[in-house]
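Novice: Given the coordinates of chain A, assemble chain D onto it according to the supplied hints.
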Amino acid sequence: MIIARLMAAVLAALVVMPLAAAELPQAEGRTLLTVGGKITHHNSEGVARFDRAMLDNLPQHVMTTATPWTDGEQRFEGPLLSDLLAAVGSEGDELVLRALNDYFAIVHLPEVTRYPLMLAMRVNGSTLSVRDKGPVWLLYPMSEFPELNTPYHRADMVWQLSRIEVR
Amino acid sequence: MAWLRYALLGLLVLLFTTSALVSGYRHIQDMKQLVALQKSGVWALTELDRELQLFVHTAELAGVNRRASDRLVLRYELLWSRLKVLQTGEETREIRELPNALPVLVELEMVLRASEAAVLTLRPGDQGSAKALAARFSPLLNKVRDLAVDGVNSQSTATRETRVWGMAPVFALSLLGTLISGSLLTLLLVVEGLKRHRQSLADELTGIPNRHAFNRQLLQMGARQRRQGGSMALLLVDLNEFKEVNDTLGHAQGDALLRGVATRLRAAVGDGEVIARVGGDEFAILQEGIASFEDASVLAQRVIEIIARPFDADGSEMFISTSIGISFYPDDDKELHQVLNHASTALLLAKRDSGSSYRLFESSMNEAAHRRKRLADDLRHALTNRELVLFYQPVVGLRDGNVVGVEALLRWRHGELGHIPPLEVVSIAEHYGLALELNDWVLHEACMQNKRWQDAGLPSMLVWVNISPAMYTRHDLVASVIQALVYAGLDACWLGIEVTEDTTMRDIESSPGILRRLQELGVPLALDDFGTGYSSLSHLKRLPVERLKIDRSFINDLNNEPWDMRFVQTLLSLAEQLGMCVVAEGIENQHQLRALREADCACGQGYLFSRPLAAPELEALLRDHSIRQAVDLCASSSERNGVEPPSSGSEDESSYHSQSGAARH
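Protein chains in written order, with my numbering: chain A, 1 to 167; chain D, 168 to 832.
Just chain D, with the same shape it has in the complex:
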């Protein structure tokens, strides 16, 4: 189809060019013809007229001695030749046939013959002879002039006209070619332009309006609602797991699915409703003049229902669920452009539901976003105003009950919003570019606190710090660590960095060597939440970590009867093989402690020993050695062989448990 159009276009251009060239060429030829016509019979007559005048003039000049005699002879000869041109040949036949021509020409010839001697013998300055000579020719001047006028007026004009009109058909034909091909080209241009315009508003794949057209519709419809005081609904329709379709069935199937959805949507909407494809797998519906919000809900349900019907995918059936976000104008927002944002927000929430669902926008949906913005603003001040504090949870040697380290955990009590979960603090810091300040603060605070404890004469122990992912990818973590150590005057061996499996993955993929350089500094590294991430064993082998922290979920399983020790034991033997020390997280009762001691787990932390405490409180605890009581109790009960372990945690404990996962910075 396309080649046909191009062929037609090429043909037209060829026709246009050719006929234009032909027209141009014909024009030149015709002009020459016209000029040549002028130069033929009548031309010869006017030339005779001119030559006669020149001769008479020259004779007069010779008489006053202002022209040499040979000039006069030349003019005489030229006049003769002019006469002869009119007497002989085809070209001047029409002149000779003029009624008055012959007498004039004969008279001129006779005067010329009679004057030959006079011309040849005239001496310059002989005014008398010159005047006599001129007088012989003078009567002929008017006669020749009249003849020339006759020639122009009469017969020759008719001849010329027929000749000129003879050119007309050819000229008109070539002009017609130019005209027709030119008009066709113009028509083609207009048609093409209209098509382009339609295409610019239509989605290429599905043929329904595209985002550009949708925006225009939104503006027009919005203006109409303002004038008429009505309401309209904007529905954003998103296909769930569309990416899966593309990935598993191929893009051709994905495209076919989008076309199918567009077809069904077109069938589903009625008057006053506009559909468009506004993104990859995102469609929009504008519903005008709604009587109640219920109308939009009904439409949303209908859309969900028609898309839920199976699609044909190469013979097999494919089921697609949809999420729909709905916003109303002007009810949700007086600003038209916000309506789209609100629908997007509602859509995001609808997508969190499983399967097909729709959500109407509520202003509370924006509250989460507002909270984050506010926390981001306040976090800057919190960093400088000491609203942030570190709490410390002891890490205990399970064999002897000695405290071998503490894990530093971030706490932020916001003036109005209260306790802010550490994960939210970290997420906001990363999102608003405060990660470096926050991590620097944590490193400094932890190092200085450890140094203070050392200076206060407490037994040396490690302080473990959690670092947020941006420090690995965007900032210089090693430099921050060195700075904090130097500032606090702490030995590198007393600061430990806890890394999670996904940060180590990033390290290996994007900035290899950070962990290696920390290790070279002498900073111990621990792999946090081990067993919950997606690290492979080969990955683990390459990491320079010296201890593994077993996730609390494994420890929690130890509450079950019979004790399910298989995972823990496997992890422990794996760590032993790799020469790593193991810390069990979330130890909450004697039952778990005993199991771990029996499995030879080296260290542990959890509510059983101490919850995270502010520095002064922890210091008091360290001084009175009460932490080791749990281990002592366990050791003595083991000796007594067979005291039932206490039942799992109190209410306090479980509440700690539920938040401690998030309390980890």
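This is chain A alone, in the form it adopts within the complex:
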């Protein structure tokens, strides 16, 4: 299962590659997510800014999972964190994830490559608003990988994610 996921991630990365290799397009709408630090592709003063359209342009995935903050399993949609990192040419091995309310968590790269971590943008078909922990919520596939359901990983599931610093 993990291998299949990995294959899918690799395939997705390959598909994204031509797009990533080209210069990142300018964010025309409101910036939802800013990626900085050790990256090779920028579209604004050393950082990559993503508006909703750009995030929607990344390969989209569906994940049905329960979380400690929702009731029952929910159907989430959005790009994978690994695809986003490929798109900006990430060269670090540690991510500092920062939320709108300045909460932050640190995630190590092996976790990102081992599990399909999702930048969820829709839940049950509707767009995640700030009050629903949107517009971007980093979700771990907890239902599929029960070992991720620990207090430690829960702290990494940053909602209202606004900035990623690659180190």
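No lab work stands behind these hints, which were simulated from the structure alone. Fair warning: there could be bad hints in the mix.
Computed beta-carbon distance windows for the label pairs [claimed, not checked]:
| id | chain 1 | residue 1 | chain 2 | residue 2 | range |
| --- | --- | --- | --- | --- | --- |
| 1 | A | Arg-75 | D | Glu-227 | 35 to 43 Å |
| 2 | A | Pro-110 | D | Ala-339 | 50 to 58 Å |
| 3 | D | Glu-227 | A | His-108 | 54 to 62 Å |
| 4 | A | Glu-45 | D | Asp-313 | 29 to 37 Å |
| 5 | D | Leu-287 | A | His-41 | 45 to 53 Å |
| 6 | A | Thr-150 | D | Asp-313 | 25 to 33 Å |
| 7 | D | Ser-305 | A | Pro-110 | 43 to 51 Å |
For every residue, glycine included, the Cβ atom is placed at its ideal position computed from N, Cα and C.
Specialist: Leaving out everything else, chain D in the frame of chain A:
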């Protein structure tokens, strides 16, 4: 046994490392757990509290136009999300179950819904509306705060405690592992250290105390005797011919013998007596609190007796004799460290006895050593003060009675100690680094004397000089010879060097070519004391010597009836084969002279012709030709055919004989 210890040690280290790593890992996990616990329910509540304050604050700032309206909207949305976190999901269930929680959360939701329009429409700087907005939320500030306090205090604490205590057994277990393995490692270290300490004091082979331990015992015992005013004895026990055992039976047998001796010694000593192995085959016994010197002698006899019993050597019996040197403290010396030296001195003398023996140290034993030291000091002065003189003994052609040469012999009459035997002079010079000075002096003196005789009109003859061994091994003999010849103005052919068999052996082994170079200079070489050393015939063949001096012991045998000429004749024919001339030493009577003449021996020297004389006296003898009288007498008696040879030497002669061997430098 050793591998078992190493395996155990490895296992312990592994256990220690593993449990330490596990402990460390558990610690990290537990800390994360604790942090995560903080971030769960109560965390959400305090976050709500904080977000509410921020929103009220932001509303006030917007009122004074210091915050954009979109900032206010963001805070509004974040506050909503905080509320939702507390309303939904497993993580915050415990908070919702708090008695006061629901009313507060419901009230907050209602205020939020009611304020939505006001938030979205608030224009920055509209202080009135902003104040009204903030006023709606203000009453909630305290309620949320109280709720947060409740959350921390009540139920969640209990939950947390159970969770924290849940970690304890695992943590304690891994800690116990670290503790146990750590203690065992420490114990092992201490045990090992004690063993090392014991080993450092025990002899590895025999298990009895070693030299290091012995020295400590000696110091302690010595201090005790000083305090108590008693005496103690130190016995040094040495196995005779132990080297033979090692060489013939092998080192394993030698080691077994040493162990056997140690065992017997241990059984032989009683209270107040300490044994130790202080050298290869040397043991020491300290005997404390002795009543009389007799006690040490009794112990020594007992030791000799128990070691004399046969040892088993691979089924056969082996007999070992012992030598023991005994010294007493403080009777022999007030200095403790000297006691060991004195025992060694006594041991050396005991070893000279044949078989087993023991010797008590006597101060006279040190006198020999003192004499040597004194002679060494005085020899330096003697060399410069002309206390040394050379005596000369003529070498006579046995056919015609002509003097063909003289052998120079060293004489030293010491101011207080009297006549010093030449061998002792040479030995001291070699031992105290005076060999070069002494030999240079002898060479110079001999060359100059010969030159003086030549200048005085005497017939030319060789002066033969004996050279001490160090000149071959440590100094440049050839250079010394050249220097002496040049200084005296003497032709090389009139200086002869007498070499002994053992110096030529050294020459061949360590500095080949010295004799060859002397020969090339034109200096004749003679092999001294031939037949007594250990030279082989092949050795003789390679030597560039031109004459052999037959040792006096062969000549002495000619006194026996019937004349035992076989050795002499063999030597003579051997010399003839090799093209060498022969000199017979120690001719003392007509009897010997006649035998040698009949065997066609070319030359001879001995008391019959002249004893060694000082230069002026010899010169007088040379001038009056009295030396040839002995040969003339022999020749005439041979013609008369059958006069009985005179009986062997007078008292004077034999006394010369007895010292002449040593008189040879």
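Novice: Please name the hints from earlier in the document that this structure breaks, with their numbers sorted from lowest to highest.
Specialist: Those not satisfied are hints 2, 3, 4 and 5.
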